[in-house]
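K.L.:
The residues making up each chain are set out below.
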Amino acid sequence: MLLVTSVPFDMIEQLPAIQLLLTLLAAPICSMLRNGDLSWRIATAASWASAACAFAILHQVWGGGSISYEMGGWPPPWGIEVVIDELTAIILLLVTLFGALVMTALRQSLTSIMRHQRQSLYYTTFLLCMASLIGITITGDAFNVFVFLEISSLATYTLIARGRDRRALTAAFRYLIMGTIGATFILIAIGFMYMLTGTLNMADLAERLPQHHDNKVLHASFAFFTIGIAIKFAMFPMHYWLPNAYTYAPKATTAFLAATATKVSLYVMIRFIFDVYGVEFAFGQMQLGTLLVPLSIAGILVASLTAVFQTDAKRLLAWSSVAQLGYMTLGLALLNVNGLTAAIAHMFNHAMMKAGLFLAVATMIYRTQTSSLASLSGIGRTMPWTTAAFAILGIGLIGVPFTAGFISKWYLITGALDKDWLPVAILLIVSSLMAIAYIGKMLDVMYFKPAPAEFAEVKEGPMSMLIPCWAFALLTIYFGIDTRLTAGLAERIASSLLGGS
Amino acid sequence: MKESTTKASKPENTWFDKPANVKKIIVALFIVCAMLMAAEFFYHKHAYFAAEEFFGFYALYGFIMCVLLVLAAKVMRVFLMRDEDYYD
Amino acid sequence: MTGILLYASLLVPITGGLLLVAQKDSPNTRDVISVVTAAILFAIVLSFYPAVLAGDTPSVTLAEPIKGLGITFTVEPLGLLFATVASGLWILTTIYAVGYMRGANEANQTRFFLCFAISIAAAIGIAFAGNLLTLFVFYEMLTLATYPLVTHKGNEDARRGGRIYLGILMGTSIGLLLFAVLWTYQIAGTLDFTAGGILEGKASPTIALILLTLFAFGTGKAALMPFHRWLPSAMVAPTPVSALLHAVAVVKAGVFTVLKISVYIFGIDFIAETGAGTIILWVAAFTLTAASLIALTKDNLKARLAYSTVGQLSYVIVGAMLANSAAIAGAAMQIAMHAMGKITLFFCAGAIYVAAHKTEISQLDGLGRRMPYTFAAFFIGSVSIIGLPPLGGAWSKWFLLMGSADAGQWILMGLLLLSSLLNIAYLMPIVGRGFFRPLPADEAARLPAGTIEEAPLNCVVPLCLTAAGCVALFLFGDAIYNYLQPILSAPEAPAADQ
Amino acid sequence: MIEGLNPALILIAGALLVPLIPQPARRFYVVLLPLVSMLQLVMHSHGTFAQLNFFDLPLETFRLDGLSFVFSLIFHIAAVLGVIYAIHDDDPIHPTAGLVYAGAAIGAALAGDLLTLFVYWELTAVSSVFLIWARRTESAFKAGMRYLLIQVGSGVILLAGLIIHFTESGSLAFNAMNLETIGGKLVFLAFGIKCAFPFLHNWLQDSYPEATASGTVLLSAFTTKLAVYALARGYAGTEMLIWIGAIMTAFPIFYAVIENDLRRVLAYSLNNQLGFMVVAVGIGTPLALNGAAAHAFCHILYKALLFMSMGAVLLRAGTCKGSELGGLYKSMPFTTVCCIIGAASISAFPLFSGFVSKSMIVSAVAYEHLTLVWLMLIFASAGVFHHSGIKIPYFAFFAHDSGIRCEEAPLSMRVAMGITAALCIGIGVFPGLLYAILPYPVDYVPYTVAHVITQLQLLMYSALAFTVMMLWKIYPPELKSVNLDTDWFYRKGATALLLPVSALTARSTESLFSLLASIKSKFLSVFEKTVGPGAWLSRSVDTAGMVTLTMGSLLIFLLLYLF
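Protein chains in written order, with my numbering: chain V, 1 to 501; chain Z, 1 to 88; chain B, 1 to 498; chain P, 1 to 563.
Heads up, a few of these hints could be off.
[As the list claims (entries may be wrong)] Coverage of chain B stretches by chain P, computed from C-beta distances (three or more under 8 Å per stretch; other residues unrestricted):
(1) 61-69
(2) 153-160
(3) 286-297
(4) 429-435
It should be emphasised that the hints constitute simulated quantities derived from the structure, not laboratory data. For glycine and all other residues, C-beta sits at the position ideal for the given N, C-alpha and C.
Based on the provided sequences and hints, a complete structural model is requested.
P.N.:
Following this line, the structure appears as structure tokens:
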């Protein structure tokens, strides 16, 4: 975090805004350029710059500090407040860093399917999506959350619809409908709260809501919010949009979506539950846990099992995402330090691993033009580096030690044991075995099945894609060993979230 | 088997091959036995068991027990004898 | 200094592995690097002895991925013993493997030696693990690093073997071992290997029984029935792999894990008081009998040796579960003794394959006179495995019997003795056939009587050395016993270790 | 002479070098080696040496006293004779295995503690099996396996016994033990197996005749006599031994009469001779123990001589079956003479070695007034003459001429037989030489008029019985056959049990594994129906469906929260 030391102090406070503006401004520039290559350069530079900002922010808030900044200088509750604490910082890092990595790989991936002009538009949408995700993360205003959520959703529909497969359109349409319903529910929830308190600032809401805890309107608001956000992060059984959307989204886009969109939605959920509704209300009065735990476990088991039977690489990984989101919500519902640590750390770790996996698959598809498992047979011999990266990431997803996945799983099971939920711990172990099954199935195909004749001569993926893939893979190992940034930070966040309630 | 092993084409006539000589040996054995029985009169037995004092005990015991031994063994053959390749 | 050496013990094999990949185009340089790396590692491991003999336990922490739980390396007597066995035999195996791989014209030799090096690093990591988490981490690493070795041939057989291998080892370790580790952590609040254990007073006898059962089954590498099937399946690997990994590093890592958990997590006294080992004790007793019986039915030499290994591993488990000082001494010794004996047998099996292309026992008639050194070594290794003096294997059996007598386990004692006889029944015919049956007519016609046709020297010399090692282990049995004293007497004087 | 150096170690270490030494040097080396170690033994002072502290256990690896001296001396003599006998054979397996075997037996005899005893005990088993396998026939191979299993079985029982003995008594010293404890009983059983107690005896008759010509000579010397030594050391005066011994003397001779393989006949008579020693050990008086030691000493020599002569027959005539032999005195006169000397010795003719030792035992029994035992021993004495003294030489060398014409035994064999025969006669004529080295002071006079006459009466009248029965054709003819004995139980019974059991174990673990696999695939097929591609849980849901699902969820939540 050398960068920060050379930046004047007052600039640090501006960093969140700078970050948001960087991406927001780069977007229209890209759209005007109409030159795919140049747009890519700008978009990549912007995303890396905002990743750098995220690092700087994280450094600033490291150890419990927080940044509060009023947009346009108006103090809350009237102005729009930007609030950055450790949780925000790590989500920001997640969005921008993994976004930037995917962006880096994107050019090669797109040139094969789009003309230049289209490409610049694509980068624009991508940047917009990223910007809105940043916005959701940093804002301290409930309504802004909705606004950015909508922007991000719209951008996402567009990204998905770009897929070459005609089914991409249907997938995008379904996502659009579901996303809209979700957003509407959230809007309704926020509206109810505004009705009760007359404020949209989250800090103020937190202050005023406790007096309305017995108010049915607040209860209804909570119900709408829960369902709305559950759709957004594809909680079982509201997950049906996700497999298709991820499967048909073009190329590396899936990597970005899988890494960021659902995680940010989950972040919103955590924010609202802990900082707006309050833990006491959500879990005590509203019994959120009794709904969340069974649904999470069902999601984990059903989705993992489903993944085992998939015959398409992307669809398999998509189902695995549904299961992995179950881990996060389960961790959340455990409502103890270890569980919450697991949830937060796994948001980061899973984003990293799943982005890497989708990227590796995208690299394979770049060469083979298909994502069906059968056509990836024997690719371990023709594309050894890509497959090796895929293998490392896959092993991470299983939760083998020395990988990031192990760390989050460790905390999650410890959390379950802390609660004396032995059966839950056992089910988590069982689901790990399922993860072995579906990852093992893919590796088995890639390494041991003979390559189909038409792909026998496939070349190794391009460097521009390979390097990000390996970056994800190496990060997976790094965060399996040095966990100060993930589990360490997450544990502090968890304690403060729980301690604050 | 060893190359040096051969079958004799005709029996050689050595001393033992003559039945008369064999008879001589048998007769000699009878004589020795008779003399040993006679010896019973000429020495003092330091007996530890009552049976020992019986006249010609060792000789008779040896003879009878050997006959019984062989007879018993013949009976055992009925029950115990098997073909040479029984265990193969 | 010891800290640096501890890291070095892990890094040396990996660095060596990477160096040899860089040298993949000149096989001679590559193979020299392999041998030199092995020798350096062995020297490093030996350098820990002065400190450990002085009662010291040097320790370093690499990282702390989970709060309060580091990737920690600690050198203690038991681990050092295992590390010595693994690294020492690695030198011989490397020399042997060079001869074997070239003799058998195996493909992908560079990948082979790389994975080999990583496996050894993992085994050293297991040996020096300072807590259960570290141990688990390297345990999994060992599974993964050896998988490419098992599937080395790349054919359908190798794939099937590999699938069973990975399926059982990963399945048990994640399904049972990890769970037991987490549960232990939850109960004890720590996972450090501590003299006298960490569970005493914290776990009820029932929970201790369940936990220890989970641990033992979870350690699939210990090959307790019914999780033994990976071991025969892994025999599709080239013989040096079977020799080092499936006679020494991998399987010993498994039983070593169980032993270490018994001694340092449960504590010998705690197991003895609570009877936590009861279930596993009888599972192990069953395994060692049944495996010997199955070995009798196998005509494939490596398959028979694999089942023999399954049985012999259970001796260690039996020792760990009996949990008295004689039994623990026996278990620890069995790790070394069986390693030396079994690696000899596998070396011989490989030498037979390289020199005569024979894999089935029924084809070995008369081969002993053509390969006298190999078969003599096989004889010595067999006698050691059976547990007869004057070879090392006798001492481990001696202490295990002492241990079962101390525990009043008469039936177990009977089973151990019966197993020795079964070992004779499946091992000695191989020697007998080799030396004393006539060569098949066509072979006899091909070569004049008295011709010696051994495998290359790289193969024959290591197997003679390990056979000599079996004898040496008999003579130095006392030294090993004295060396093990600290762990055996630790429970009586736990204060000394605080 | 090096003080404290165990001659067994010289022998074992030296033996391992044998295969490395080229011929003809090897011929001299193998004879010299046991002579050197014998010199070490004879020159060494008595006492306990080479004490070790192994595993915190005090071990006495080298204890030389009266009892162990006699046994280790005769083991050395047997080793020298055994290797001389086999010099004509270039196969290094004989001298190597044979000398290791001899060394192990000597080491065991010199062991002062049970652990050392166990170590050498097992070594005798492992080394001696090669002497059987060296025959290189299918049946020798199998017999060797059986032999090894039983010998090691004795070893592991010894191991169990000594461990239990140790836990019971805290001591490993190999001194007098008793049958009161489990440990003591197990050790006794272990000794009993090697000593071929009744019903535990059949390994002997099973394996010795399968060994090579030279192998059997060595085998006959060590294992069983080591067991006698061990019994004399540990269980002298145990009454049970008297009865065990008495039965041992009597019942093998019935088998010997109807056995066809002459080396097996000798094995039965070996069993019978052991019985005398066991009886003596059971009596346990100094005279009896002297008798046991002396008889072991003589027995090793004459039994070796008999096996040597039969080995020569086997080598030259290619068979040892009574039904195929006869008239060999014409081809092998020297061997015939030696065989007769051996036969006379085993039958205890006056002036032959057996007489001076066996009469000690019989006298010891007489002094204790054990009538029944005495009668059995007398019977056995007559019986042994009957089958070893008469049957062996008669059927091999005389009887009906089989027509086999072969060479006389090779020079090495003749030399060995000659020396052994000379020793048999020498001891018979000068018993004082033997009596001088016995463990206890001897004031026994074998050559009294009564002894000589009664013994001659016994022998001559049993010869008479033989002659009469031959003349009357009552004597059972030599038939190509085997006779059932206790080996049936492990040759038929155990095989019938072990093979199916191991096959069953293999099959059942295999089917357990495939059961698991089939359960797995059952589960998979169930899951495939629920979550497999296109199944109801995993198929793509259309927009309407998704919306319905969402609305449903919302409704449930609202209902839950609002009411």
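K.L.:
To test your reading of the hints: which numbers does this structure violate?
P.N.:
Hints 1, 2 contradicted; others consistent.
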